[in-house]
Structure formats: C-alpha cells, structure tokens
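Peer 1: Residue strings, one per chain:
Protein chains: 2
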Amino acid sequence: MAGQDIEKLIKVVAKLPSLGTRSARRIVLQLIKKRETLLLPLIDALSQVAENIKTCEICGNYDTSSPCSICSSALRESHLLCVVQDVADLWAMERVSLFKGKYHVLGGVLSALDGVAPEDLNIDSLVERIHKEGITEVILALPATVDGQITSHYLVSRLKDSGAKITTLAQGIPMGAELDYMDEGTLQLALNSRKLL
Amino acid sequence: MAGQDIEKLIKVVAKLPSLGTRSARRIVLQLIKKRETLLLPLIDALSQVAENIKTCEICGNYDTSSPCSICSSALRESHLLCVVQDVADLWAMERVSLFKGKYHVLGGVLSALDGVAPEDLNIDSLVERIHKEGITEVILALPATVDGQITSHYLVSRLKDSGAKITTLAQGIPMGAELDYMDEGTLQLALNSRKLL
Numbered sequence: 743m744a745g746q747d748i749e750k751l752i753k754v755v756a757k758l759p760s761l762g763t764r765s766a767r768r769i770v771l772q773l774i775k776k777r778e779t780l781l782l783p784l785i786d787a788l789s790q791v792a793e794n795i796k797t798c799e800i801c802g803n804y805d806t807s808s809p810c811s812i813c814s815s816a817l818r819e820s821h822l823l824c825v826v827q828d829v830a831d832l833w834a835m836e837r838v839s840l841f842k843g844k845y846h847v848l849g850g851v852l853s854a855l856d857g858v859a860p861e862d863l864n865i866d867s868l869v870e871r872i873h874k875e876g877i878t879e880v881i882l883a884l885p886a887t888v889d890g891q892i893t894s895h896y897l898v899s900r901l902k903d904s905g906a907k908i909t910t911l912a913q914g915i916p917m918g919a920e921l922d923y924m925d926e927g928t929l930q931l932a933l934n935s936r937k938l939l
Numbered sequence: 743m744a745g746q747d748i749e750k751l752i753k754v755v756a757k758l759p760s761l762g763t764r765s766a767r768r769i770v771l772q773l774i775k776k777r778e779t780l781l782l783p784l785i786d787a788l789s790q791v792a793e794n795i796k797t798c799e800i801c802g803n804y805d806t807s808s809p810c811s812i813c814s815s816a817l818r819e820s821h822l823l824c825v826v827q828d829v830a831d832l833w834a835m836e837r838v839s840l841f842k843g844k845y846h847v848l849g850g851v852l853s854a855l856d857g858v859a860p861e862d863l864n865i866d867s868l869v870e871r872i873h874k875e876g877i878t879e880v881i882l883a884l885p886a887t888v889d890g891q892i893t894s895h896y897l898v899s900r901l902k903d904s905g906a907k908i909t910t911l912a913q914g915i916p917m918g919a920e921l922d923y924m925d926e927g928t929l930q931l932a933l934n935s936r937k938l939l
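Residue numbers (my numbering), protein chains in the order written: chain A, 743 to 939; chain B, 743 to 939.
Take the hints with a grain of salt, since some may be wrong.
Any copy, or any two copies together, can satisfy a pair, since identical chains are not distinguished.
To be verified - The list that follows gives simulated cross-link-like pairs (lysine-lysine, DSS-like), each with its CA atoms no further than 30 Å apart:
(1) Lys-753 - Lys-937
(2) Lys-874 - Lys-902
(3) Lys-757 - Lys-775
(4) Lys-874 - Lys-796
(5) Lys-753 - Lys-776
(6) Lys-842 - Lys-902
(7) Lys-775 - Lys-796
(8) Lys-775 - Lys-874
(9) Lys-753 - Lys-842
(10) Lys-874 - Lys-842
(11) Lys-796 - Lys-750
(12) Lys-907 - Lys-874
(13) Lys-757 - Lys-874
(14) Lys-796 - Lys-757
(15) Lys-750 - Lys-776
(16) Lys-842 - Lys-750
(17) Lys-753 - Lys-796
What the hints contain is simulated information worked out from the structure, not anything from laboratory work. Please read these numbers as outputs of a predicted model, since none were measured by experiment.
Work out the full structure, taking the sequences as your base and the hints as a guide.
Peer 2: As structure tokens, then:
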C-alpha cells in the first residue's frame, strides 16, 4: 500500500510524455529517497517555472518576459524570420547557435487527420508580422513530414504577395548517416537535389 | 534560448531515473503548455509527498505515518514477515494483494562489487523484530540475481537460530512465457524443481 499521496503523485507523473506507470513509480521512489537532493530542488524548479514563464506575445516562445529575450534582442537580425512548428524546434535551432534572426512558432502543422485548419495555427499573426516588421526572408523550418510539407506549401501561397523571400531548410542525407540505413524517399530526394562540387 | 528557469528545470528533470536531457526537454515543454492541468497539479502532488511522507521506523516502507499503515494494521498477520530489497518490491507484492503478513525492507542486497556489507542493510533490525514480534515464518522475497541469492543465504545463516521458518519465493518459468524465450538458467531451474501433477 503506497499511501494516497504517493499514489496521487505516481498518477500525475505517469501523465508526463514518454512515462508510464512503471517508470513513474521508479521516479517517485527515487524522489522520496533523495528528498533533499532531488525532490525539494524539483519542487523549487517547477514552482519557479510556474511563476515566471510566459508565452511570448510576438513569437510564441516561452520565456520569463513577453516579448521574449529573442524578440526584444537588438543583436538579432529583425528582417530574418524562421517559422517553426513548436517551441521544441525553436530550442533545437537555438542549440545550433547559427541562426541570428527571429522566430515565429506556428503551434502545430496543418493536418486533415487531426483536424488542424489554418485558423488553428498562428498564421494570421505571421502574415501581420511580415508586413509590420519589414521582414525580407522567411525560412520555413517545418518538419519533413507530409503534414509539414503541406503546411509549407500553404504558407508559400499565403505569403507570396508579402514581398519577402521564402526559403526552406535543405533536405538530404543527415550528417554521419550510412546510406544503406537511409529510407528510399530520402535517397531519392538527395539524388534529385544533388549539388555540383 | 530556453531561459534560465527552464534550463534549470530541464537539468533537474533529467536527473530522474530513466530520463535524459532529450526526454526532460519534452516533459518540461509539455508542463509549460499544460500549466493548469499538469504543472500545477504536479507541484501540488510533489509538495504533499515532501510534506507528508515518512520512512516507517519499523519496516522501512514509505507512508504518511510511522509506523506505516501496514505495520499498524490489526488485519495483517503479524507472525508472517516478508523480507524485500526495496520499497518498490514491497509495492509490487502489495499489488498482488495475496500476502497478508507484514514486511521488512532491507534497503538493498549484499554486493561485493558495490561494497554493500551486512551492516549497510537493515539486518540487525530484522533479527530483532523476529525475536520481539514472535514471527514464525520469514519469506525471503529477494531478487533472483547472484547478489540476491547470496543475501538470501546470508540471511538463512543469520536467522537459523531464530526459531522462525525461513522460506523463499518459488523460481521457475514466469506466467505467459514462451519456453524458447527463456534463458537456460531458468529452464534448468524449472526442470530441476519440477512438480508432480
């Protein structure tokens, strides 16, 4: 009998992505065992996030301030806008530290199956930003899935009158990959988009 | 740039068992997205556990009271004691709802490799309980690993003068298992311990 408080915590932890009841139980046990070094610091870190983190009203990023530190930075090139599906993708781009423009988080991609229509995504605010902020290049960094590609096509049609150049991330063989582990679609695409050396 | 508070939370979450930085990031994003339905309930459940959960002074279980609800229950047979490695194993036994005795959590198993000696485990308190509580049967429910078996042997030698009957969980083919997926050790053991029908 694990006690009501513990059972309740296990249920909440099991709702987190990629966790089930079994791993939730292990995590909760570990938390109780390491009260001072794990449980209390976790409560502290969670509370700080709950208290301080806001959604940026301009780009949709999560930060302690809104507009976020990227949107309000004078060091970022404001004519370059990278459109991503989710904040996770924004973080992934930032880890590369190569892109020096600003971002726009769509909040998803169009999907007939999941019933995601253009009005469910932050597309109107994207169109508005391009006009208002004088953006000259929009980089579509959407997933290389069917839904991601459909969304890219839709965005191209919506933005074609904006005057901004619309580009997308290159597709091909990922770094370090063995050819015989690649799917045929990727190989075909890489062959078709081959570059002169 | 994920913000200091978020980075800190990701680091703490990544320390939890079976999680790495990547899954921690996904979890933290999900928590921020579902502030009301996930983040705040999680903080609440964690705080309650941090506030209320104690280690039972008798058996080592975690509960809101010490002695725990099992140790202080009048409905459990107090002459029957099940020795487990960890609170996780106690919970596993309780999920079966078959065992109606009490428990003793060793806090680990003997291990030459990890440097776990008898004095690192709750063995003295076990010996004391058997005498004091008039226990007639000790069920050793330790893992079926080399270290677990060595610990069982050690406990048998320590408890042989206690007057209590010492038993251990049956070993063999687990329920629902296909024979050709079983390791040779288990098959050998199951064959040697075969039962007359």
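Peer 1: Each of the hints needs a verdict: does it hold here or not?
Peer 2: How the hints compare with the structure:
1. Lys-753 - Lys-937: neither (52 Å within a copy, 41 Å between copies)
2. Lys-874 - Lys-902: Answer is within: at 16 Å inside a copy they meet the 30 Å cutoff, but 84 Å across does not.
3. Lys-757 - Lys-775: both (21 Å within a copy, 13 Å between copies)
4. Lys-874 - Lys-796: within (23 Å within a copy, 58 Å between copies)
5. Lys-753 - Lys-776: Classified as both; 20 Å inside a copy, 16 Å across copies.
6. Lys-842 - Lys-902: within (23 Å within a copy, 73 Å between copies)
7. Lys-775 - Lys-796: Result: close only across copies, 10 Å inter versus 33 Å intra.
8. Lys-775 - Lys-874: For Lys-775 and Lys-874, the Cα distance is within 30 Å only across copies (28 Å; inside one copy 54 Å).
9. Lys-753 - Lys-842: Answer is between; shortest inter-copy Cα gap is 25 Å, intra-copy 41 Å.
10. Lys-874 - Lys-842: within (19 Å within a copy, 71 Å between copies)
11. Lys-796 - Lys-750: So Lys-796 and Lys-750 pass the 30 Å test inside a copy (27 Å) and across (16 Å) alike.
12. Lys-907 - Lys-874: within (15 Å within a copy, 83 Å between copies)
13. Lys-757 - Lys-874: neither (41 Å within a copy, 43 Å between copies)
14. Lys-796 - Lys-757: The answer is both: 22 Å in one copy and 25 Å across copies each meet 30 Å.
15. Lys-750 - Lys-776: both (19 Å within a copy, 18 Å between copies)
16. Lys-842 - Lys-750: Between copies only: 24 Å across, 44 Å inside.
17. Lys-753 - Lys-796: both (26 Å within a copy, 20 Å between copies)
Going down the numbered hints, you'll see the structure goes against 1 and 13, while the others check out.
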